[in-house]
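A.B. asks: With the sequences and hints as input, model every part of the structure.
2 protein chains.
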Amino acid sequence: MPTIVVEVMPKAELLDPQGKAVAGALARLGSSTFSSVRIGKRFELTFDGPVDDAVLAEVKDIAETLLSNAVIEDVVGIHADAL
Amino acid sequence: MPTIVVEVMPKAELLDPQGKAVAGALARLGSSTFSSVRIGKRFELTFDGPVDDAVLAEVKDIAETLLSNAVIEDVVGIHADAL
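Note that the protein sequences, when read in sequence, are chains C and G.
Its first residue numbered 1, the first sequence is counted upward by one per residue in this note's numbering.
Its first residue numbered 1, the second sequence is counted upward by one per residue in this note's numbering.
Don't take every hint at face value.
Copies of the same chain are indistinguishable here, so a pair counts whether it falls within one copy or spans any two.
[Claimed, not checked] In silico lysine-lysine, DSSO-like type, Cα no more than 27 Å apart, as pairs: (1) Lys60 x Lys20; (2) Lys60 x Lys11; (3) Lys20 x Lys41; (4) Lys11 x Lys41; (5) Lys41 x Lys60.
Read the hints as simulated data drawn from the structure, not as lab findings.
C.D. replies: The structure is reproduced here in C-alpha cells:
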C-alpha cells in the first residue's frame, strides 16, 4: 500500500537540546566532523488508493494541524515513499 | 554548510503505540483515508566540507550505533540534503 512520508523539524531559530546532546556525544566519541545535530520527526502514513493531489492536500493539512506544532516546528517535507 | 539527513523508523514488526494514537486521532477527526501511521526520527547533521564517501560512511556508522537502537529501529535513509 502506498505510504506518504511527512518530515517535521524544530524551527531553525529554536534551541534543540536533544540535538545538542547528540552533538556533544559525537564529540566525546571522537567524531569532530559535525558542527551541529538537529532532531525532528518522520511520519509514515499508509493508505489504500492512488497518490493523487487530493490525498497530498489532505496530508498537508494533517501535517500542519495534527502532526506538527506550528509554533515550534516546521513541516519540511511531504513525499510519497517508493516502498 | 552541507547537511546530511538520517531517517530512523521503528522496526516494521514492532507495535508503534504513538503511531496508533495518531491514527486514532485522525479517524476521530473524520479522516478515514489512512490505515496506519508510524512515527520515527529525522536527524540533520551539519558539517563543514564536501559530502564524500568518507563522510557518508562515518554517518552510516554513527546512525547505526548512536542515532538508532538496532534492536527496535532501522535506519531507513541517509542522504545529503540540498539546503
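A.B. asks: State for each hint whether it applies.
C.D. replies: Against the structure, the hints:
1. When the C-alpha separation of Lys60 and Lys20 is checked against a cutoff of 27 Å, the pair qualifies only between copies, where the shortest distance is 19 Å, while the shortest distance within a copy is 29 Å.
2. For the identical chains of this complex, Lys60 and Lys11 are neighbours both inside a copy (17 Å) and across copies (25 Å), given an alpha-carbon limit of 27 Å.
3. For the identical chains of this complex, Lys20 and Lys41 are neighbours both inside a copy (16 Å) and across copies (15 Å), given an alpha-carbon limit of 27 Å.
4. Taking CA atoms no more than 27 Å apart as the test, Lys11 paired with Lys41 passes in both settings, with 12 Å inside one copy and 16 Å between copies.
5. Taking identical chains as interchangeable, the C-alpha atoms of Lys41 and Lys60 lie at most 27 Å apart whether they share a chain (15 Å) or sit on different chains (19 Å).
When the structure is compared with the earlier hints, no violation turns up for any of them.
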